[in-house]
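Model the full assembly from the supplied sequences, consistent with the hints where possible.
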Amino acid sequence: MVTSAPLWSVLVVPALLAGFATVAVAADGLLAARAAHRRVSPAVLAAPLAEVPRLLAAQRRVTPAADTLLWRLGLAAVPVAGVLAAVVIPFGQLTASRMSVGVVWFNAMEVLTWAGLWMAGWGPNAVLPLIGGYRFVAQGLAYELPLMFALISAAAGAQSLDVADIAGAQGHLWFAVWMPAAFAVYLAGVHAFSFLGPFGYPAGRDLAGGVAAEVSGPDRLMLEAGRWLLLTAGAGMAVPLFLGGGAGPLMPAWAWSAVKTLAVVLALVWGRRRLPVIRADRYAELAWVVLIPVAIAQALAVALVVLTTGGTP
Amino acid sequence: MTTAVFWVLAPLAAASGFMVFRFGSMARATIALLVSFLASGGLLIVLGLAYLGTVVILMMVMEMVIMAVFMIAYMMNPAGLMPMAMFHNKRASLAISLTVFALLAAGIFVTRWPRRAGTAPRDPTFRLGEALMGPQMLTMVTLGVTLLATMVGAVVLATHRGRYDRFGDDLKRRPPTDPARGGVGR
Amino acid sequence: MLQLFLLLAAGLFSIGLYGALSQQSIVMIMMGLELMLNGVIVAAGAFWHYLAPASSAGQVIVVAVVVAMAVEMAMGFAVVTAIFRARDVDMADMASDLKR
Amino acid sequence: MGLTRLLVRAGAARPHVLVAAVPGGTAVRLAAEEQLRRRGWPAALTPADADVLLVAGVPAPGIAGAVEAAWAAVPAPRARAQVTSAGEVSAALDAARAELAAGAPQHLPAMSGGHDAHEVIRGGHGGGMGGMDMGMPAAHGSGAVGDGDTGHGVHEMAGGHDAMSGGHEGHGTGDTSGHDMAGMDMGHMDMDMGTPAGLPMARRGEDRDGLTLDRLHVPLGPLLPDWPAGLVIRLTMQGDVIQHAEAETAGVAADTGSFWTEPWRHAAAGEPVTTGAAVRRRSAAHLDSLARFLSVAGWDSAAAAARALRDDALGSGPSPRLGPAVRRLARRVGRSRVLAWSTHGMGTLLPGEAAATGMSAAALSAGGDVTARYRRWCRELSDVAAVFDDASPLDPAVLAPPRGRPDGTRAPSAVLLAALPRLLEGAEFAAARLIVASLDPDLDEVSPAAGAGHGH
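Protein chains in written order, with my numbering: chain A, 1 to 313; chain B, 1001 to 1186; chain C, 2001 to 2100; chain D, 3001 to 3456.
Keep in mind the hints are simulated off the structure, nothing from the lab.
Between beta-carbon pairs, the in silico distance windows are:
no.	chain 1	residue 1	chain 2	residue 2	range
1	B	Phe1023	A	Pro180	41 to 49 Å
2	A	Val12	B	Val1141	41 to 49 Å
3	B	Arg1116	C	Glu2072	31 to 39 Å
4	D	Gly3315	B	Ala1180	37 to 45 Å
5	D	Val3338	B	Leu1094	56 to 64 Å
6	B	Phe1167	C	Leu2004	54 to 62 Å
7	A	Gly92	B	Phe1167	53 to 61 Å
Chain B residues, not near chain C, derived (Cβ > 10 Å throughout):
no.	residue
8	Val1008
9	Arg1163
10	Ala1180
11	Val1184
Facing chain B, from chain A, some residues (calculated, C-beta under 10 Å):
no.	residue
12	Asp67
13	Leu69
14	Leu70
15	Gly74
16	Trp105
17	Met109
18	Val111
19	Leu112
20	Thr113
21	Ala115
22	Trp122
23	Gly140
24	Asp281
25	Ala284
Glycine included, C-beta positions come from ideal geometry on N, C-alpha and C.
Now the structure itself:
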């Protein structure tokens, strides 16, 4: 039975999230080194961590006629959204906050990045970040609805919006197995809301970094850390939603949660390097014409299964 | 708990709502409105309506970001970089709204409110779903049809290109002439 | 406590009303309307919690209001886009010949 | 203070380097990129992300302003290196890192004469820097649009350009993308016409959606990442749709000769050049173009692989594994469905159209859409991958330089440059970057006089 941990555990969430995010960044650095035909050494793994002191010591960027309030607010919203989204994820038998509507809460917090990135693009009063901010809105309009239907599929399968109930409902069959379309759409959605990999369009290289183009120093640290925290939160949520939560033989529940989260994180990191950026102008039509019908069909199939059998197939 | 949260969120909701019409920058005005909605969403959660509160937050973030895009596209001086105010009959509006507020406030304090009837269900979200799929089915159906009509109507109003522009006079042109290609090769 | 929530709702409603009446730009008027509906949401939630928690009517009202806001915004922007394209204005005063 | 010093020293372990490539600096740029790759130092995309500004080549007067503007936008602690030959790169990077770690006093960037416009901004915006004494007087002057904005250093258009002075087109219009006031009835509005914070407001114009939105004037280049060195494209945009484009060159020195066509020049001068050397140079050129294109397309891992192979191809000594590796990469990129899907139908240059406008050989080989152009690089890479170590003398009639043979007196890149603006008009920003990257003109081939192209 999953229980709500005491209130201090809210402080553990960011720490745990940061730990997994660090692993993700290190793994990403490793893959980058391999792609660049460089020898892989422990130093390569530690290299991304050197970014933290570098960015803390660097000067903050100031641009003319900037809307500094919205700019900083938007940058801060990205990591905050990641941490708040993770608050409802059960880890083993514990969850920082067991909400009866955890799935909706996760969705709402992840959507905060819409406002965050748009503000981060608007703030500096410069062309390239502005385009980047608008790109995220376009991308959001494309990815958000399929992602919502994927979340709804999992919730419908367990007949609950409570994340712990959803994890508990996958006693003998993971949702990932009998809701493959929802699982795939969800994983793509994680890339999309952390604007990494094929969905890195808002911070694209063609925009010289897009929303990040004018951000330096601690602000940049917030933005970069925020993307990886969001990715990790998405990976963590995939475990109770689709992979049976902490259930598993031999090991305790928290260990299974950790192993599964790590596996999803690494899969996402690996997947992000496989594809070029998918531009929103192409993706939007694909999402609305193909993905939304597929996601709705998936939710409908789940609903029919639940109605006829009263649970898993 | 409720009281403490109320005294944090209520002033925030009211103040940011007020700032919507004080900010010169359209971006800031929209974000102020968003903050007001986030605070009301928080209040709903505190009142025990976790689902509705969260949905208000979820919807309003998306709605306000889209709103900001339109505000900036259609407003002059969206960044508020030039001092300007765009009011008309400011004094009358102020008088009317103050009167309305006074009347409402008077009503709130004069009315003898009935006692609380019944207790909250264990899962209000479940009850809402039951209601919408049961006794309130007609409401749900109406809302659904309204939304569909809105989608169709809004697209028809906003677009300036019909199928004859895209597919030609005989509707046989393939692929259609669009300013930008989509992603499924049409 | 109910009175405090209702007072907040009345405040939000009045601020929204002031904005809707005094602003020239159609989009700003829409923001005023949204703020008024925000007050309605708060009031409906408070009524549900303090007066009739056993009934689901309060919740249904909130759902209806949220839908109304979505409809208002979608239609509002569609109309603004159409007016803007046809006549290049976004000001309520300038579109006043619509009255005739 | 002790903590800051500690952070500075720890941060200097792996500085981010912004390589500012100027025309004539191709060899230095390649050496710098190779060094960064081998050291595992990230290449910065914008001045805001950089610790070290490495100027690859000698900036001609036309581009020096842009380099200064980029330097002004690099946040402290920072170091600058000026490198003129490929051999000096490694030492310069070491010196820059040492300077960073030592936390040497920051020297102030020199304000060049062309930057008087910044004074206006500072006047209007001085308060914004309150409390931040970082030795960056012009920090907010120019780099605000990434490198894109630094284009203004090249062409100071004071007063002559659409009522917008060169430097601030980016800022002014980026934020004030609302309406221009001109021509609107505003008798009942209480407002103060002026230029906010010293920035001009945007003007409106017709657009494809019939909404007459604001026009932004955005100079792209000359120092954007993955961008042909010395290219400046002046865009008139509405939203992110390009309404009008003009291509210019910045800081192209007279006849330095392109790095990529070196073997052919030597062969023409009668020096002995082997086919293998020419094949390597041409393949490296294609790999370089491909790497930049893939970077712009956001496929980082394939771009990194292309850069690594490019460095190998430019290296000396026999390399039996290079050919198969190049062929593998060419196959992987050429067969990528997602890449083809996302670039299909973009920037189509019809062969007939090209011939009609007086472009022959080079333009014909650049025909088709973006997909066709990068696939042609992949094909040509595969075709010659077997002869990297061929020692027979080069026959220029059989093996053409990477961007084709000169078209009469015009270099192939001049033809590509002339074709650019027309392809960009109507494209969205992301598409425009892909189109430029798929043509990848080498401005070192172009003499300054024949540089510019216009499109309507």
